[in-house]
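Trainee: Below, each chain spelled out in residue letters.
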Amino acid sequence: MNDVPSIVVDQLVKRFGAFTAVNQVSFEIRSGEIFGLLGPNGSGKSTIIRMLCGLLTPSSGSATVVGFDVARQAEDVRRHIGYMSQKFSLYNDLTAIENLQFFAGLYGVKGRALDERIAWAIKMSGLAGSEQLLTGELSGGWKQRLALGCAVLHRPRVLFLDEPTAGVDPLSRRQFWELIHQMSREGVTILVTTHYMDEAEYCNRLALIDEGRIVEMGTPTEIKQTAVKGDLLLIECSPLGGGLAAIKQAPGVIDASVFGAALHVVVSAGRDPVTELPAFLAGHDVRVGRIEPISPSLEDAFVSLTGSRALSSEPPQ
Amino acid sequence: MNLRRTAAMSRKEFTQIRRDPHSLIIVLFLPLIQILLLGYGARLDANHIPVYVLDQEGSQDSQALLKAFQASPYFDVIKAVNNYHALVRAIDADQCKLGIVIPWNFSERLDDAGRTSVQAIVDGTDDNSAQLAEGYAQAVVATYASNVQLEWFGRHGLAQDASNPLSVDYRTWFNEDLESKNFIIPGTVALVMALMGALLSSLTIAREWERGTMEQLIASPVTALEIMVGKLVPYVGIGLLDAALCAVFAVGWFGVPFRGGLGAFFFTTILFLIVILGIGYMISVATKSQLGASQYAVLVTLLPTSMLSGFAFPIDQMPAPIRAITYLVYSRYYVSALKRIFLGGAGINDLVPEIVAMTIYALVIGFFATRAFHKSLQ
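Going line by line, the protein sequences match chains A and B. Under my numbering, the first residue of the first sequence carries the number 9, and numbering increases by one thereafter. Under my numbering, the first residue of the second sequence carries the number 16, and numbering increases by one thereafter.
Since the hints were made in silico from the structure, they are not lab data. Everything numeric in this text was worked out from a predicted model, so none of it was measured. For glycine and all other residues, C-beta sits at the position ideal for the given N, C-alpha and C. A couple of the hints might just be wrong.
[As the list claims (entries may be wrong)] Below, simulated EDC-like cross-link-like pairs (lysine to aspartate or glutamate); rule was C-alpha separation at most 16 Å, straight line:
{"no.": "1", "chain 1": "A", "residue 1": "256", "chain 2": "A", "residue 2": "244"}
{"no.": "2", "chain 1": "B", "residue 1": "82", "chain 2": "B", "residue 2": "72"}
{"no.": "3", "chain 1": "B", "residue 1": "82", "chain 2": "B", "residue 2": "70"}
{"no.": "4", "chain 1": "A", "residue 1": "237", "chain 2": "A", "residue 2": "307"}
{"no.": "5", "chain 1": "A", "residue 1": "256", "chain 2": "A", "residue 2": "230"}
{"no.": "6", "chain 1": "B", "residue 1": "390", "chain 2": "A", "residue 2": "84"}
{"no.": "7", "chain 1": "B", "residue 1": "390", "chain 2": "A", "residue 2": "83"}
{"no.": "8", "chain 1": "A", "residue 1": "95", "chain 2": "B", "residue 2": "70"}
{"no.": "9", "chain 1": "A", "residue 1": "256", "chain 2": "A", "residue 2": "284"}
[Stated by the list, open to error] Incomplete in silico selection of chain B near chain A, CB under 8 Å:
{"no.": "10", "residue": "18"}
{"no.": "11", "residue": "22"}
{"no.": "12", "residue": "27"}
{"no.": "13", "residue": "94"}
{"no.": "14", "residue": "230"}
{"no.": "15", "residue": "237"}
Given the sequences, and given the hints that come with them, work out the whole structure.
Mentor: Given below as structure tokens:
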């Protein structure tokens with residue numbers, strides 16, 4: 009990694025009619041960095057990526073990708089980037105190898121590099137022996153790796169991945185992230201959007217996006233530490249709803265929300281909640297099963313930053 | 016324009032056509048079906064017009080006249096009725112197209128006064144057939160009348176050749192037998208090109224949008240012009256192939272003469288394809304949906320080509336305002352070129368007006384088509 013910014017986004021705004029999808033977003037991404045945009049569906053992540061790829065024109069603000077302005081030099085930008093859109097967008101009626109050949113043609117990959125890169129992409133995606141299958145017949149993980157292969161045949165300096173692992177099984181997701189890390193080590197700058205918390209942990213740096221704004225930015229560790237002000241507890245209790253209502257009134261409690269079948273409760277530092285809270289809840293007819301301090305996850309950070317519901321409650325697309 | 020990217024686009028498009036059964040049907044079977052349907056179905060000649068007769072006299076003379084009708088290839092005398100009502104009913108019931116009534120005093124007046132008349136009742140529901148039937152009937156009667164006249168002259172000792180001081184000898188060029196299939200079939204090539212070209216090209220851009228592949232294309236360095244040219248080139252090739260197929264079928268199966276130059280045939284076909292494919296492409300850009308695009312495309316290409324190009328309905332016979340409109344119909348020039356190539360033996364040099372008009376259209380449509388599509392999701 010070096011310190012030359014590969015992507016510079018300055019006060020970027022995108023409006024669709026009266027709706028502001030992206031609102032005054034600014035960030036810089038260094039070469040070779042894996043930068044994640046984390047946020048719920050509809051928070052504006054894809055719109056940011058599409059503006060950076062020159063697919064949408066910004067309403068105001070500016071952005072450069074490898075030094076080219078995305079609004080005025082879109083074609084220059086496109087030569088240097090790879091893009092995997094949210095929806096699978098290879099040709100299902102072409103074979104795997106035909107898709108690779110097509111995109112190699114579009115990106116001007118030729119000569120020895122052509123054979124070399126196509127062979128690399130087939131090996132990388134694990135499609136050796138299945139090159140002649142129609143792409144529509146491939147399973148999710150294969151399709152996704154083939155799409156990645158098509159997007160990086162021309163060795164782009166920047167790779168944009170919009171929800172790349174949506175609808176892909178966990179094993180394929182892990183393999184996919186290994187590939188991403190390998191490219192990052194080779195100096196490729198990667199901007200990835202996701203609403204999976206575990207995936208966000210793979211990023212070097214993150215921007216948390218909510219309703220078109222960046223609410224926090226930093227490494228996953230920084231975000232978790234700064235976002236949750238106080239100590240975090242996990243409390244299993246019954247009834248859950250009654251417990252949530254009651255605990256918000258308890259002394260020292262800053263925030264509380266439901267995570268799965270338990271509560272995550274933030275209390276001010278320096279108290280002894282493990283003894284105080286069960287007593288308080290007992291007075292409100294709530295029985296406490298388990299109570300223990302936990303370290304905050306990105307999800308906790310997101311919830312305390314936005315006050316919104318947990319990301320993982322979103323059904324995966 | 017980068018040739019490598021354009022070629023990649025063409026190759027991909029061609030592979031997709033090859034794998035898509037619907038496109039293959041349009042490419043391979045539509046031209047054959049269309050030329051067969053039009054070759055057999057859209058005949059404008061009248062042969063074997065069904066005729067009922069009411070012979071009120073029943074004399075040798077009246078029978079001689081009816082024999083003349085029977086002998087004509089244009090008529091089939093299928094029934095003799097014995098009253099006027101039966102004849103009217105037969106026409107009402109569409110059992111015959113023509114009713115001949117010979118009056119009871121036919122031969123008497125022919126002998127006495129030297130002149131008489133027969134009544135012909137024509138079913139005018141189909142204007143074209145009615146006119147033909149009327150014309151043929153007049154011809155039959157005229158021939159009969161002149162025979163009677165000659166006989167009369169002969170009987171009165173007059174020279175026979177005095178009967179016809181002047182006559183016109185007709186010679187029809189280019190379509191000597193006046194067969195409507197020769198008139199219609201060359202034009203069907205235009206119809207096939209219009210339908211095939213419009214249907215296929217209207218799908219090109221819409222398909223990318225509907226299948227979600229457009230976003231990836233826009234994000235790549237391929238330009239809008241390369242997308243357009245790359246996508247349409249395979250269809251020009253297919254169009255030329257289909258045009259050749261139609262020509263072979265027209266000549267080999269229907270026996271239509273092909274007297275002109277192959278160069279002229281393919282050159283005008285390329286110009287026409289540019290116009291049709293450009294229109295289909297622009298519609299595809301505008302509608303973004305395959306179904307909508309194909310419907311619009313058929314509307315704006317097939318309809319004017321079938322109605323206003325002179326393909327089957329002669330432009331000379333249209334009312335003046337419609338005739339004026341046909342000058343704007345691009346297919347008119349191609350149909351005219353096709354007929355002159357097939358029947359008139361025209362080469363490129365003979366088709367300057369048609370080629371100039373079609374080139375102007377190709378340039379204008381091409382100009383707008385290159386500006387129709389913008390690489391943006393908005």
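Trainee: Please write out, lowest number first, the hints stated earlier that are contradicted by the structure.
Mentor: 5, 8, 10, 13
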